[in-house]
Structures are given as C-alpha cells and as structure tokens.
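Engineer: Let the sequences and hints guide you as you build the complete structure.
Protein chains in written order, with our numbering: chain L, 1 to 288; chain U, 289 to 598.
In case anyone wonders, no lab produced these hints; they're calculated from the structure.
It should be emphasised that the depicted structure is a prediction, and the values quoted were computed from it without experimental measurement.
Some hints here could point you the wrong way.
[To be verified] Calculated pairs, DSS-like style, for lysine-lysine (alpha carbon to alpha carbon, straight line, at most 27 Å): (1) U:K414 x L:K24; (2) L:K24 x U:K411; (3) U:K369 x U:K346.
Read off the chains here:
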Amino acid sequence: MEKLAKEQKTSYSRDAMRRLRQNKVAMASVFILLFISVMCIIGPYLTPYDYAAVDTSALNQAPGAQHIFGTDNIGRDLFARIWMGGRVSMLIGLLGALVVTVIGVLFGGISGYFGGVLDDIMMRIVEIMNCVPYLILVILISLIVGQGMGALIIALAITGWGSMARLVRGQVMQIKEQQYVLAAQALGAGPARVIAKHLIPNIAGLLIVEITFDIPVFIFGEAFLSFIGLGIQSPGTSWGALAASAQQLLMFYPYQIFFPSLFISLTMLAFNLLGDGLRDALDPRLRH
Amino acid sequence: MLKFILKRLGYMLITLWAVITVTFILMHAIPGDPMSNLARNLPPQTRANYYAKYGLDKPVAEQYVIYMNNLLHGDMGESLKYPGRDVKKEILRYAPATARLGLQAIAIGLVFGIVLGIVAAFKRGKWPDYVVIIIALLGVSVPNFVLASILQFVFSVNIPLLPATGWGGFAYTILPSLALSASALAVYARIMRASSLDVISQDYIMTARAKGVSSLSLVWNHVIRNAILPAVTLMGPMIANILVGSFVIESIFAIPGIGSNFVMSIYNRDYTMIMGMTIFYAAVYMLAVLLVDIAYAAIDPRIRIYGSRQ
Numbered sequence: 001m002e003k004l005a006k007e008q009k010t011s012y013s014r015d016a017m018r019r020l021r022q023n024k025v026a027m028a029s030v031f032i033l034l035f036i037s038v039m040c041i042i043g044p045y046l047t048p049y050d051y052a053a054v055d056t057s058a059l060n061q062a063p064g065a066q067h068i069f070g071t072d073n074i075g076r077d078l079f080a081r082i083w084m085g086g087r088v089s090m091l092i093g094l095l096g097a098l099v100v101t102v103i104g105v106l107f108g109g110i111s112g113y114f115g116g117v118l119d120d121i122m123m124r125i126v127e128i129m130n131c132v133p134y135l136i137l138v139i140l141i142s143l144i145v146g147q148g149m150g151a152l153i154i155a156l157a158i159t160g161w162g163s164m165a166r167l168v169r170g171q172v173m174q175i176k177e178q179q180y181v182l183a184a185q186a187l188g189a190g191p192a193r194v195i196a197k198h199l200i201p202n203i204a205g206l207l208i209v210e211i212t213f214d215i216p217v218f219i220f221g222e223a224f225l226s227f228i229g230l231g232i233q234s235p236g237t238s239w240g241a242l243a244a245s246a247q248q249l250l251m252f253y254p255y256q257i258f259f260p261s262l263f264i265s266l267t268m269l270a271f272n273l274l275g276d277g278l279r280d281a282l283d284p285r286l287r288h
Numbered sequence: 289m290l291k292f293i294l295k296r297l298g299y300m301l302i303t304l305w306a307v308i309t310v311t312f313i314l315m316h317a318i319p320g321d322p323m324s325n326l327a328r329n330l331p332p333q334t335r336a337n338y339y340a341k342y343g344l345d346k347p348v349a350e351q352y353v354i355y356m357n358n359l360l361h362g363d364m365g366e367s368l369k370y371p372g373r374d375v376k377k378e379i380l381r382y383a384p385a386t387a388r389l390g391l392q393a394i395a396i397g398l399v400f401g402i403v404l405g406i407v408a409a410f411k412r413g414k415w416p417d418y419v420v421i422i423i424a425l426l427g428v429s430v431p432n433f434v435l436a437s438i439l440q441f442v443f444s445v446n447i448p449l450l451p452a453t454g455w456g457g458f459a460y461t462i463l464p465s466l467a468l469s470a471s472a473l474a475v476y477a478r479i480m481r482a483s484s485l486d487v488i489s490q491d492y493i494m495t496a497r498a499k500g501v502s503s504l505s506l507v508w509n510h511v512i513r514n515a516i517l518p519a520v521t522l523m524g525p526m527i528a529n530i531l532v533g534s535f536v537i538e539s540i541f542a543i544p545g546i547g548s549n550f551v552m553s554i555y556n557r558d559y560t561m562i563m564g565m566t567i568f569y570a571a572v573y574m575l576a577v578l579l580v581d582i583a584y585a586a587i588d589p590r591i592r593i594y595g596s597r598q
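Structural biologist: Written out as structure tokens, the structure reads:
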C-alpha cells in the first residue's frame, strides 16, 4: 500500500517535471535565472577591480573594454558592483521567501487545522496587517531593526507572511474535510502526523508556485527600500541601491541605471514566468 | 445596504485605532528615542526643553494617551526636524498633488487595463493578444522606479516633450501618472483577459450573438458587466500599490506630494511626521477599500444579500 502511494507520488512529480520541461518559456526562465545566479557567484572575480575600490582617475566612465559596465561617480567598477549587488538582491529574494513560507505554513496550518477561537484571533491579526499597505509596514519595521541584509530580510519577512498564511489556511481547511484525512484520524493519527503526512504533501505544489511568485516581490521590496534610502548602505550594494544612485545621474550618465534595471527586471520577469509555468505544470486539473 | 455600510465603517474605525496603536508602539520601539539623534549636539538644558516640548519626558503610556487625545481633536503634533511645522497642515498641503497623481494613475490603469484585456480576449491567439500579454508581463516585472527613469529619459531628455521634474500644469502629471499606473494596468489587463475569456465561452454570449447583437453592445452589456467582478476585488491591492508607489515616483519627479515628503521624513528620522503620514496613508487606504467593497456590493446583488444576512 505504502509502495503504491510512493509510486504514484513520484509519477505525479515526474509528470509535472515533464510538463515543465515542455514549456519553452519556463525553461528559458530557468536558464536566465541559472545564468544570473552563476554570474552573481563568479562575476566579481571575473574583473580585476574590487567592487568597493575607489578610482578617482576613472569617474563615470562609459562601458568599454576597461570597465565592461563602466564606473560610477566615485570610480567604482560597475561590473563588479552589479554582481555583488546581485548576490544581495537574490539572497534577499530567496531567503525572504523561505522565511515567509515557514512562518506562513506554520501560522496558516495551525489556524486552518484547529479552527475556532485560535483561528479567529490569528486571522484578525492578519487582517489588521492587511489594513496597512505592505511596504509602509516594512518601512516602519526597518526603522526599528536597522539596515543591512539581515535586517532587511527580517523587515520584509515580519510583514510579508500574511498572504501565505491565508493561502495555507484556506487549503488546509479544504483538505482536512477530505475523507482520507478522516480515515487517518480514525486510525489514530495525531495532528502532527496528519499535517506532515497528508496536508503538507497536498499543498506542496501550490506552495512551490507561491514561493516562485514571492521571490520577485521580495527582490522588488529590497530594491524599493534601497531606493528610498532604507536598504543596503554603501560600500555594500544591491540592484536597488545601484539603480537609486544611478537615478540621480540619469541626465548625464544614463548607462549607469541600465544594468541594475535590466537585471532587476529580467530576474523578476523570469521568476514570474517560471511561476506561471510551474502553476500550469503542477495544476492537477490540467493533468488529463 | 445602509446597515452593511455602517457595520463596515465601525469595523474600519476599530482597525484604524489598532493601526494607530501599533504605529505608536513601533515608533517608540526604535532604539534610543525619537529625539536622541536630532538633539545629540544640544546643551543639556535645551535638550530637556525640547523633550518637554514634545512630551517625550513622560512615560510612554502617558504619551500614548496624550497622542490619542490630540488625534481625536485633529492634532497630529509638530515636526521634530522642523519645529513649527504642523504635521496635519503639512499633510493637507501636500495631499492634493498625491491625490491627483493617484487618481489619474488609477483611471489610466483601469481604463487601459480593461480595454486591453477585453481586446486580447476577443483576439485570442492573434497578435493583439500577444502584445497585451507582453505588456502585462512587463508591467509586473519592471519596477515602477525603473519605468519612471525610462519615461523621464525618453520623453524629457532624449525627446524634450514633457517636463522632467517639478509640478505645474497637466503636462507635469503625465509621466508620473503613467509610471504609477503601469502595474495596475498590467494586472488589470491580465485579469480582464482571463475573465473575459471565461465570459465569452458562456451560452448567453452565444445567444446574444445569435440574436444579432453588435460587437460593441455585446462587450458593453454582457462582457464587461460579468467579467469585471474579479477585477473589482483587485482594486484594494492596486490602491495600496499606487499609494506606496507614490513614494518613489514623487521623489524621482520631484513632486511636492505626501509620498516624497514621507521619504524625506524617513531620511530625517522625523518621527512625528512619519507617524502622521502613516496614519493618513492607512486611513486613506482603508477608506478606499471600503468604497471598493460598497461598489462591489452595488455591482453584484448576490454579495449585498449575502452581506446583510450575515
């Protein structure tokens, strides 16, 4: 019985993978994301210039043979800075989505599974959080936790788990009424086992899709905060911070804003397209 | 209907009180106190006077009672950074510019988003459909500050058609409104395309077509009314998006609105201003969501009946 269940599970995920691989747009997104990730790791070593090194003899240079992406207003190599900034942006996107998923699954799972007063209280908390535009809340939190990458992730995650919790709660409430859950409970399975063995595997597909859509939200959130001066501080950098400092020089050195903007947009686009592809691939309704 | 509105209004006031309280707690949870950074270099006596002036020498609980009491009387206090500037007056002074931009952006996003979505649905699989899909994708993937920079560069640096920054007549509002509306437009185009496709495949559309209803009347009388419901639910998040978007857009275009002043207050760590503006933004947002819900109930009788029975 257990073997059969396992086989079906693998065939489902294999099936989903097969469908994803057939989706050219999604696969192109995967390659773009892989390329950007690899460049974020090795990029800073591909240029002889350090990302924080100031060179007053080469201020605001246009992209060329010496500096591939040019230099900024205090002569720092933009190629090195783009990939160092990319590390921060990508890490905040990935870690932020991960933290939010953990909080959201716990919160929504408990709320949806047990219901009653606990559910009421927990959902009121989420509702109050939803009454303030998300990024304003992030700004308030980041005034308290301070700046830097860790603080940014905390600020974005503290405020961002509401929608994930709602999603998980809705799913859990739906699934817990299913007969196989009743059967498991009748056979003596406790809440922990039901949640781990039945609920989470059933919502895993939806979670993966949601995470994929959350990552660009966090990348944008970080860029937004850096843009209004609450994000990564110099000499550290991120795509948002690079775009922000280049924006002030837009009239004179438009190329400086081109690369950070390009990579933010490209990354967000690729995650959105991959999310669409994953949703189509994992949606059981489209299976037959 | 009236009962529904009153109930929601009461609920909104309670939530607003919760938001104000949380904001107050957050502002006082900041390491040090609101004045510590600004009053660092003042002589002790002056500093003590300043603390007394803003009531910061009292216990936090007492400060909370005073703040709430003042708020009830319409007093939001004075700016910490610029003594003498009344927070409420500053907000009222800057609100019109932000309101104008926001309303224009919502109008652009709604109208163009809905039109593009319906066009795409009727031309499914043909080139207009692909154009709309690409617009919708770019709209959600290109951050608004990037779009703002592109617009600014193309339409006022490269082709000097419109003013790059500042605030004056209608010409000054075009680029910022466009930049602000992009994500709403994209989301609307996408959702309208999907829901129009749903509606088009319904039997009543076929019946209407068979009876010889013209395309325009078909869209106006049947498609929009039915397809717009999912779009109305998205109004809330869209309004939040446009409110927050005003921070960066107003800063980029140097527009004297609440958004750019909020960003300045953050730079200055001007806590009374930050608090006042946060409360203002939250109140505007909640009111907007309430209006959307009322509109929703007005469009769809099913919700009205269900809502009053609850």
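Engineer: If a hint holds in the structure, say so; if it doesn't, say that too.
Structural biologist: Here is how each hint holds up against the structure:
Restraint check: the Cα-Cα separation between K414 (chain U) and K24 (chain L) comes to about 19 Å, which is no more than 27 Å; the hinted pair holds. Straight-line distance between C-alpha atoms of K24 (chain L) and K411 (chain U) comes to about 23 Å, which keeps the hinted pair within the 27 Å bound. The hinted pair formed by K369 (chain U) and K346 (chain U) meets the criterion: a straight-line CA distance of about 20 Å does not exceed 27 Å.
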